[in-house]
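Undergrad: Please take these sequences and the hints and turn them into a complete structure.
Spelled out from the first residue to the last, the chains are:
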Amino acid sequence: MNPTASETSDYSQPPIRWLGEADCCDPAQVGGKAGNLGLLARKYPVPAGFCLAADALARHRQADYQASILLAYATLEGLVGEPEPSVAVRSSGVDEDGSTASFAGQYETFLNVRGGGGVLAAVERCLQSAFAPRVLDYRLQNDLNSTEIRLAVLVQQLVPADVSAVIFSANPINGRRDEIVITASWGLGESVVGGTVTPDTYTIRHHSAAHITAQISDKERMTVPAPAGTTEVPVPRLLRRQRTLTDSQLLEMAQMAIALEDEMGYAVDLECAWHRGKLFLLQCRPITTALNKGHG
Amino acid sequence: MESVQLIPGQPIPIPPDFPIEWPRPTDLDIFWMRDVMHFPYQILPLAASFVENILEPSQNHGAVKVEMPVRFHCRIFNTHYYSATTPVLGPDGRPPQPPADADPMDHPTVHAVMNISDFWENQLLPEIKQILAHCESIDLASATSAQLVSYFDDFMAQAIRSWQIHFEVAFTMLLAMSLFDDFYQEVFGADALGAYRLLQGLDNKSLEANRKLYALSRTAMETPEVRTILETHPAEQVMAALQASKESRPFLQELNRWLQEYGQRGEMYDTLTSISWIEEPTPAIRNLQDYIQRDEDIDAHRQAMQAERERLIEEARATLASYPEAVRMQFEGLLCSAQAATVIQEDHHYWLDHRATYQLRRAFLEAGRRLAAAGTLAAPMDVVYLDFEEVRNALLALLQTPQQLHERVAERKATLAHFAAIQPPMMLGTLPPGAPPDDPGTRAGMRFFGVPPQPSDDPNTINGAAGSPGKVRGKAKVIRTLNEAGKLAAGDILVTETTAPPWTPLFATAAAVVTDAGGILSHCAVVAREYAIPAVVGTYTATHLIHDNMQIEVDGDNGVVRIIA
Numbered sequence: 001m002n003p004t005a006s007e008t009s010d011y012s013q014p015p016i017r018w019l020g021e022a023d024c025c026d027p028a029q030v031g032g033k034a035g036n037l038g039l040l041a042r043k044y045p046v047p048a049g050f051c052l053a054a055d056a057l058a059r060h061r062q063a064d065y066q067a068s069i070l071l072a073y074a075t076l077e078g079l080v081g082e083p084e085p086s087v088a089v090r091s092s093g094v095d096e097d098g099s100t101a102s103f104a105g106q107y108e109t110f111l112n113v114r115g116g117g118g119v120l121a122a123v124e125r126c127l128q129s130a131f132a133p134r135v136l137d138y139r140l141q142n143d144l145n146s147t148e149i150r151l152a153v154l155v156q157q158l159v160p161a162d163v164s165a166v167i168f169s170a171n172p173i174n175g176r177r178d179e180i181v182i183t184a185s186w187g188l189g190e191s192v193v194g195g196t197v198t199p200d201t202y203t204i205r206h207h208s209a210a211h212i213t214a215q216i217s218d219k220e221r222m223t224v225p226a227p228a229g230t231t232e233v234p235v236p237r238l239l240r241r242q243r244t245l246t247d248s249q250l251l252e253m254a255q256m257a258i259a260l261e262d263e264m265g266y267a268v269d270l271e272c273a274w275h276r277g278k279l280f281l282l283q284c285r286p287i288t289t290a291l292n293k294g295h296g
Numbered sequence: 001m002e003s004v005q006l007i008p009g010q011p012i013p014i015p016p017d018f019p020i021e022w023p024r025p026t027d028l029d030i031f032w033m034r035d036v037m038h039f040p041y042q043i044l045p046l047a048a049s050f051v052e053n054i055l056e057p058s059q060n061h062g063a064v065k066v067e068m069p070v071r072f073h074c075r076i077f078n079t080h081y082y083s084a085t086t087p088v089l090g091p092d093g094r095p096p097q098p099p100a101d102a103d104p105m106d107h108p109t110v111h112a113v114m115n116i117s118d119f120w121e122n123q124l125l126p127e128i129k130q131i132l133a134h135c136e137s138i139d140l141a142s143a144t145s146a147q148l149v150s151y152f153d154d155f156m157a158q159a160i161r162s163w164q165i166h167f168e169v170a171f172t173m174l175l176a177m178s179l180f181d182d183f184y185q186e187v188f189g190a191d192a193l194g195a196y197r198l199l200q201g202l203d204n205k206s207l208e209a210n211r212k213l214y215a216l217s218r219t220a221m222e223t224p225e226v227r228t229i230l231e232t233h234p235a236e237q238v239m240a241a242l243q244a245s246k247e248s249r250p251f252l253q254e255l256n257r258w259l260q261e262y263g264q265r266g267e268m269y270d271t272l273t274s275i276s277w278i279e280e281p282t283p284a285i286r287n288l289q290d291y292i293q294r295d296e297d298i299d300a301h302r303q304a305m306q307a308e309r310e311r312l313i314e315e316a317r318a319t320l321a322s323y324p325e326a327v328r329m330q331f332e333g334l335l336c337s338a339q340a341a342t343v344i345q346e347d348h349h350y351w352l353d354h355r356a357t358y359q360l361r362r363a364f365l366e367a368g369r370r371l372a373a374a375g376t377l378a379a380p381m382d383v384v385y386l387d388f389e390e391v392r393n394a395l396l397a398l399l400q401t402p403q404q405l406h407e408r409v410a411e412r413k414a415t416l417a418h419f420a421a422i423q424p425p426m427m428l429g430t431l432p433p434g435a436p437p438d439d440p441g442t443r444a445g446m447r448f449f450g451v452p453p454q455p456s457d458d459p460n461t462i463n464g465a466a467g468s469p470g471k472v473r474g475k476a477k478v479i480r481t482l483n484e485a486g487k488l489a490a491g492d493i494l495v496t497e498t499t500a501p502p503w504t505p506l507f508a509t510a511a512a513v514v515t516d517a518g519g520i521l522s523h524c525a526v527v528a529r530e531y532a533i534p535a536v537v538g539t540y541t542a543t544h545l546i547h548d549n550m551q552i553e554v555d556g557d558n559g560v561v562r563i564i565a
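Going down the list, the sequences are from chains A and B.
Counted the way this note's numbering counts, the first sequence spans residues 1 to 296.
Counted the way this note's numbering counts, the second sequence spans residues 1 to 565.
A hint or two may mislead.
Taking lysine to any residue and the SDA-like style, the derived pairs with C-alpha atoms no more than 25 Å apart in a straight line are [to be verified]:
| no. | chain 1 | residue 1 | chain 2 | residue 2 |
| --- | --- | --- | --- | --- |
| 1 | B | Lys471 | B | Arg311 |
| 2 | B | Lys413 | B | Thr481 |
| 3 | A | Lys278 | A | Gln255 |
| 4 | B | Lys65 | B | Gly90 |
| 5 | B | Lys65 | A | Arg237 |
| 6 | A | Lys278 | B | Ala321 |
| 7 | B | Lys475 | B | Gln293 |
| 8 | A | Lys278 | B | Lys475 |
| 9 | B | Lys65 | B | Asp182 |
| 10 | A | Lys278 | B | Arg328 |
| 11 | A | Lys278 | A | His211 |
| 12 | A | Lys278 | B | Arg317 |
| 13 | B | Lys487 | B | Ala532 |
| 14 | B | Lys129 | B | Ala157 |
| 15 | B | Lys471 | B | Gly491 |
| 16 | B | Lys129 | B | Asp139 |
| 17 | A | Lys278 | B | Glu332 |
| 18 | B | Lys212 | B | Gln243 |
| 19 | B | Lys212 | B | Gln164 |
| 20 | A | Lys278 | B | Leu320 |
| 21 | A | Lys278 | B | Asp103 |
| 22 | A | Lys278 | A | Ile212 |
| 23 | B | Lys212 | B | Lys471 |
| 24 | A | Lys278 | A | Arg114 |
Hints listed in this document are in silico derivations from the structure and should not be mistaken for laboratory results.
TA: Spelled out as structure tokens, the structure:
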């Protein structure tokens, strides 16, 4: 498919909204997750990505948004700096009130998708999973303009993480506000999130390099990108007990957590990835466990 | 093979015809294995002295240097070589455990692995060359008796340092290849030989020696006189015939240059008491006689091996492209070290086992000549029946009253003759209470020395370890010494207890190799892979069960030998 301007014409608002741009922050249009990431991307190193806004998906013919996606994916190549970059394609439901309170509207995630055709297929599958069987056939066969369809799709660079980490801007175990806790393991975050690996735990007290304690664990498994998405593999023996993060990496992460906590006004729980010495912010949520009042 | 009852943690029964006087009381409590891979033959008294005074201390020098968790013990029991390892114990009498959060990468052994190429090239090799230049510059033949004693001490010191160097690199070298194998199988799946395909096609001194010998065979073919001599004379008579032929002189000069460069080696790993190719070049002549009958493109073969290696490395890199950087860096680091180690494994033999040790042989040969001239010994070569201290004392005595050591030599010859007829047991001492530990050093050791294979139910199937891939059928030739190498014709299968670098030329003739001793990292397996011929190593029994001219099939991928007829 060869996107041209004529194919992508005939709509009032561009269907593609880039993370970090002003039009990619409205949860009513891009869904809770993308809206949140869109806001973060304006100040923090969120992996590059774009969104098909709910309105656009509702209003436009398949051929139109497909051309837009291909064009956007080509732009993403330039942003990421490699041909056919690996992306994650996620559908994100948009609540009628546009609330960001919940991510329950996320229907489907396709990891490690490569190439324009792959992205198009993943977007289609996101839509199918969201609409089928109720309106899918109807939507595909008609130039549908339905107010019922409230779905956004996020296409975002899948950072092939060297190390994945979760940062708590306050210690969720003992409730201390002056302790930042970072858990980290090799590869993509799935093994950490899925609990198949015991990650390293670093505690940074008083936000100072002098007060870092590290608990290095035996990290037996890791998730890596694979042709059909991701796969979990054993960690080579010599790396299992190796420390995943240096002090300077830990401090950089702590600084980001402090800045986000200040900005959000609450203690945050961040998902991060390191790739080629660069820190990426993947997600930011409030810490839901009880914390001590005040610092210290 | 004797069958004895073996109980873990209990003393191993000693065969009645192999009575042992334990030199140290604690020797009974540890587990001794015959090292057939390095020492398939009886050990002469001079070599025994080498083992005690140089080999054992220098092994432990190397073990201390890279903080290995074990120490090495070497003994000669009834003229045969045995070795053992014991764990280093902490103050509480137990092996010290690393802290639970210790980073295995941050250990002197691993640092040494990662640094092996630089350490060998820039530190050890220059020192070795200095030692060689020093020893080679000394004219022992024209030294006075007093000078000879001081040269003797000097050569001894140089030999000790050479063997320290040997073991400063040897363990690291094996570990480098073994860690790469571990990594490869963990990441790419179980494949005993897979890792080694990424280490093939690298030049080394054993291959270089062979390549130049092959080139010499081309020169020989161009000179009709030389060719005729090689084709018509028994190997033992070729040198004399060449010397008598004026037309052969340029070829002879080239051959002698080759022998000076690569012939400072004997039969096996023991250069000290084994006759060198310089003294007796028949093994080289035999190789030449074989080579003039063949026409091979050695360079094309090597280029194909290299291309295959690079293709597989790129394939591995593509798989790892999306893996964490730490994994990719470890792959690159281990690959680089393992490749360097593959070369060092052959090259260290050339520099240390051969050339440096040949200098020590030179000192003892000169001592032998002086002692024979003075009547201390009946013949110069009898010096190999003495130990270091006896030789030194006998040399000192030359300054006053020469000793007479004929009887002592006769006694030792008698002992050797007595045990020559007795099959030495594979194991002595006390059987270890449990399985060996699963640590990098133990795994490397097992890959080098091999492990006892699964017993076979079928008398026509012999199990060993995969050494080099491929499956081939051929006529077996059981060859225990290079003197028997003449019976190996192209397409035959070399069946032997073990091989050493001086055996490398035979790999160009054989269609496959089978050994009793050694593992996937043994000389035999490494060289078979370079020659792309199948190898099954560490069968323990092949030379007993296979006889000359049996038709056998060697399955190098699965480590199995089948007797067809």
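Undergrad: If a hint holds in the structure, say so; if it does not, say that too.
TA: Verification of the hints:
For a cut-off of 25 Å, the pair hint linking Lys471(B) to Arg311(B) stands: about 23 Å separates their Cα positions. The suggested pairing of Lys413(B) with Thr481(B) holds, with an alpha-carbon distance near 20 Å, which does not exceed 25 Å. The suggested pairing of Lys278(A) with Gln255(A) holds, with an alpha-carbon distance near 14 Å, which does not exceed 25 Å. For the proposed pair Lys65(B) and Gly90(B), the alpha carbon gap of about 17 Å is at most 25 Å, so the pair holds.
For the suggested pair Lys65(B) and Arg237(A), the alpha carbons sit about 24 Å apart, so the restraint of at most 25 Å is met. Under the criterion of a C-alpha separation no larger than 25 Å, the hint pairing Lys278(A) with Ala321(B) is consistent with the structure, at around 17 Å. Note on Lys475(B) and Gln293(B): the hinted pairing holds, with a Cα-Cα distance of about 19 Å set against a maximum of 25 Å. For the suggested pair Lys278(A) and Lys475(B), the alpha carbons sit about 62 Å apart, so the restraint of at most 25 Å is broken.
Taking the CA atoms of Lys65(B) and Asp182(B), the gap is near 23 Å; set against the 25 Å cutoff, the hint holds. For a cut-off of 25 Å, the pair hint linking Lys278(A) to Arg328(B) stands: about 17 Å separates their Cα positions. In summary, the hint linking Lys278(A) to His211(A) is supported, as the alpha carbons are separated by about 23 Å, within the 25 Å threshold. As the CA atoms of Lys278(A) and Arg317(B) are separated by approximately 22 Å, the hinted pair is consistent with the 25 Å bound.
Restraint check: the Cα-Cα separation between Lys487(B) and Ala532(B) comes to about 22 Å, which is no more than 25 Å; the hinted pair holds. With a C-alpha separation of about 15 Å, the suggested pairing of Lys129(B) with Ala157(B) holds against the 25 Å cut-off. Restraint check for Lys471(B) and Gly491(B): the C-alpha separation of about 13 Å stays at or below 25 Å, so the hint holds. A C-alpha spacing of about 18 Å is found between Lys129(B) and Asp139(B), which places the hinted pair at or below 25 Å, so the restraint holds.
Between Lys278(A) and Glu332(B) the alpha-carbon distance is near 21 Å, which keeps this suggested pair within the 25 Å criterion. For the given pair, Lys212(B) sits about 21 Å from Gln243(B) by alpha-carbon distance, which is consistent with the 25 Å threshold. A threshold of 25 Å between alpha carbons decides the hint, and for Lys212(B) with Gln164(B) the separation of about 30 Å lies outside it, so the pair is violated. This hinted pair checks out: Lys278(A) and Leu320(B) have alpha carbons roughly 19 Å apart, not beyond 25 Å.
Distance restraint check for Lys278(A) and Asp103(B): the Cα-Cα separation of roughly 24 Å lies within the 25 Å cut-off, and the hinted pair is therefore satisfied. Between the alpha carbons of Lys278(A) and Ile212(A) the distance comes to roughly 21 Å, so the proposed pair stays at or under 25 Å and holds. Between Lys212(B) and Lys471(B) the alpha-carbon distance is near 29 Å, which puts this suggested pair outside the 25 Å criterion. A C-alpha spacing of about 22 Å is found between Lys278(A) and Arg114(A), which places the hinted pair at or below 25 Å, so the restraint holds.
Of the numbered hints listed earlier, those contradicted by the structure are 8, 19, 23.
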